[in-house]
Amino acid sequence: MVSEARSQGMSRRGFLGGTLAAAGVAAGLNTSGTPRAIASPTARTYDAIVVGGGLSGLAAAASLRAAGASVVVLEARSRPGGRVHNITSPKLGATLDAGAEFIGPTQNHIAALARAHDVRTIATYNKGDSVFWHSGTAHRLSADLPLPLHPALAEAGPALARATADSLAGFPVGEPWKHPNARYLDSITWAQYVNQISHSDVARNMTAVAMSAALSVRPDEVSALYYLNYIAASGDEKNPGTLVRLLSTDGGAQERLFAGGAALIPIRMAAELGDRIVYNAAVRTIDTTSGHAVVHSAAGTFTGHKVIVAMSPAICGQIDFRPALPAARRALQRGYRMGSIAKFAALYKRPFWREQGMSGQVYGNGRPIDVTFESHTEGRHILMGFISADAMRRLDHAPVSQLARECVANFVDYFGPQARDPLDYGVFKWDLEPWSRGGPVAVSSPRTLTRYGHALRAGVGPIHWAGTETSDYWTGYMDGAVRSGKRAAGEVIAAL
Numbered sequence: 001m002v003s004e005a006r007s008q009g010m011s012r013r014g015f016l017g018g019t020l021a022a023a024g025v026a027a028g029l030n031t032s033g034t035p036r037a038i039a040s041p042t043a044r045t046y047d048a049i050v051v052g053g054g055l056s057g058l059a060a061a062a063s064l065r066a067a068g069a070s071v072v073v074l075e076a077r078s079r080p081g082g083r084v085h086n087i088t089s090p091k092l093g094a095t096l097d098a099g100a101e102f103i104g105p106t107q108n109h110i111a112a113l114a115r116a117h118d119v120r121t122i123a124t125y126n127k128g129d130s131v132f133w134h135s136g137t138a139h140r141l142s143a144d145l146p147l148p149l150h151p152a153l154a155e156a157g158p159a160l161a162r163a164t165a166d167s168l169a170g171f172p173v174g175e176p177w178k179h180p181n182a183r184y185l186d187s188i189t190w191a192q193y194v195n196q197i198s199h200s201d202v203a204r205n206m207t208a209v210a211m212s213a214a215l216s217v218r219p220d221e222v223s224a225l226y227y228l229n230y231i232a233a234s235g236d237e238k239n240p241g242t243l244v245r246l247l248s249t250d251g252g253a254q255e256r257l258f259a260g261g262a263a264l265i266p267i268r269m270a271a272e273l274g275d276r277i278v279y280n281a282a283v284r285t286i287d288t289t290s291g292h293a294v295v296h297s298a299a300g301t302f303t304g305h306k307v308i309v310a311m312s313p314a315i316c317g318q319i320d321f322r323p324a325l326p327a328a329r330r331a332l333q334r335g336y337r338m339g340s341i342a343k344f345a346a347l348y349k350r351p352f353w354r355e356q357g358m359s360g361q362v363y364g365n366g367r368p369i370d371v372t373f374e375s376h377t378e379g380r381h382i383l384m385g386f387i388s389a390d391a392m393r394r395l396d397h398a399p400v401s402q403l404a405r406e407c408v409a410n411f412v413d414y415f416g417p418q419a420r421d422p423l424d425y426g427v428f429k430w431d432l433e434p435w436s437r438g439g440p441v442a443v444s445s446p447r448t449l450t451r452y453g454h455a456l457r458a459g460v461g462p463i464h465w466a467g468t469e470t471s472d473y474w475t476g477y478m479d480g481a482v483r484s485g486k487r488a489a490g491e492v493i494a495a496l
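When the letters of the sequence shown are read in order and numbered with the UniProt record's numbering, they come out as residues 1 to 496.
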């Protein structure tokens, strides 16, 4: 067990940086759960510094604290949670999930955190018919069956079965570069893979949306090996990942959502950590030339025996590492890119889609929204849609009013004229967030994993890596974020 009291004196430079930062910011979380900037802790050498206050960073910090280690979390934003974030609609003040939202079977780590912080879940509405949208035509299908298994999409069945088989065939989850066919699968994009295994437009659409719905990129932007690993990762050590679990509502990754919004979990985790979190502390430099970590941030300079970088590899390049990271790690970071995504949620007077026998779920190639769900409805009736990839890039800098008009028109296509007049709506564009630069997850381009994947989790001196992208199971999900934070904390505890 690491001693909480363990600390050493800082350099004069580090002491002055921490002291000056402490003079400029206030401490604490207010009672509403919205964080305020807090003072830089007393000058010291921490057992570990965690860079990033998203779920992975908070999970790492909580594990370190539980082991008795001294820890500080540096978060660039003025709030905890990272890609898990709640917003409120402008007119009605309704809570809306702007980021990660759903939870399903085998996601046991995030489920345990929710229980520990008294955040309950509610079932995602999944009754009536869902819609498969193909080239301007709505195909209503019973929500009882996952889309990949639906008889009406039988011509897509062989392609989806092939993708599932390839992801199950001895797949080394979390280490896809060790797959027997890794070199080939990492040399082609998902689009090329789809074209090889699909023999109709419907099959190609269904197989493509199976990827784009999860990653918010075009099929020609991501390695086939990456996405097959993503499918294989949708399980746990006892339950192999499958495409059905990944895409399903009942029994799948979208089975439940969090009452009050998923962001309640990081908000309550942050409250427990208290002044161990420093907000508005964007990290500019991590200097490990002395053998330990000197971290220079917008809130001052912090020194630690170890540092956990709990960030997507796609945005780690915003930090100046001294000395430079190994060539493989730098190439890995360049080979990852964030998806392009926004979430749009419209609030209605009543759930008219239910009255029409519809679940509120749509998958397909409609634009700008390609996937929809009924969102949490405790007193509210909400349709939520994802805007992804090129559709999002086109709208990144468009006025919110234009985006809302296009999204509402899309809802009219899917659900009829009653969708035309929402009472209120909310939008969150992740591409414009400087500390996310997109979402929901960073994906790798061809030849990245086989050449540089070994650097994804490999420590560099006192530097350790976390973030959902580094998880073995449920990479890209909240559960993967929590898993990665716990793993990185375990590495640090073992080394202290």
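Treat the hints with caution; some may be incorrect.
What the hints assert, rightly or not - Derived lysine-lysine pairs resembling DSSO-like cross-links, with alpha carbons at most 30 Å apart: (1) Lys349 x Lys91; (2) Lys349 x Lys127; (3) Lys486 x Lys178; (4) Lys486 x Lys238; (5) Lys178 x Lys238.
It should be emphasised that the hints constitute simulated quantities derived from the structure, not laboratory data.
Practice problem: Measure nothing beyond the straight line between the CA atoms of lysine 486 and lysine 178; if it is 30 Å or shorter, mark the hint as holding. | Solution: 24 Å, holds
Self-check item: Straight-line alpha-carbon gap lysine 349 to lysine 127, limit 30 Å
Solution: Holds - the C-alpha atoms of lysine 127 and lysine 349 are around 20 Å apart, at most 30 Å.
Practice problem: Verify the proposed pairing of lysine 349 with lysine 91, using a straight-line Cα cut of 30 Å. | Solution: Status holds; Cα separation ~13 Å.
Self-check item: Hint consistency between lysine 178 and lysine 238 [alpha-carbon to alpha-carbon, up to 30 Å]
Solution: 20 Å, holds
Quiz item: Are lysine 486 and lysine 238 close enough, with their CA atoms no more than 30 Å apart?
Solution: 19 Å, holds
Consistency with the previously given hints is maintained throughout, with no hint failing.
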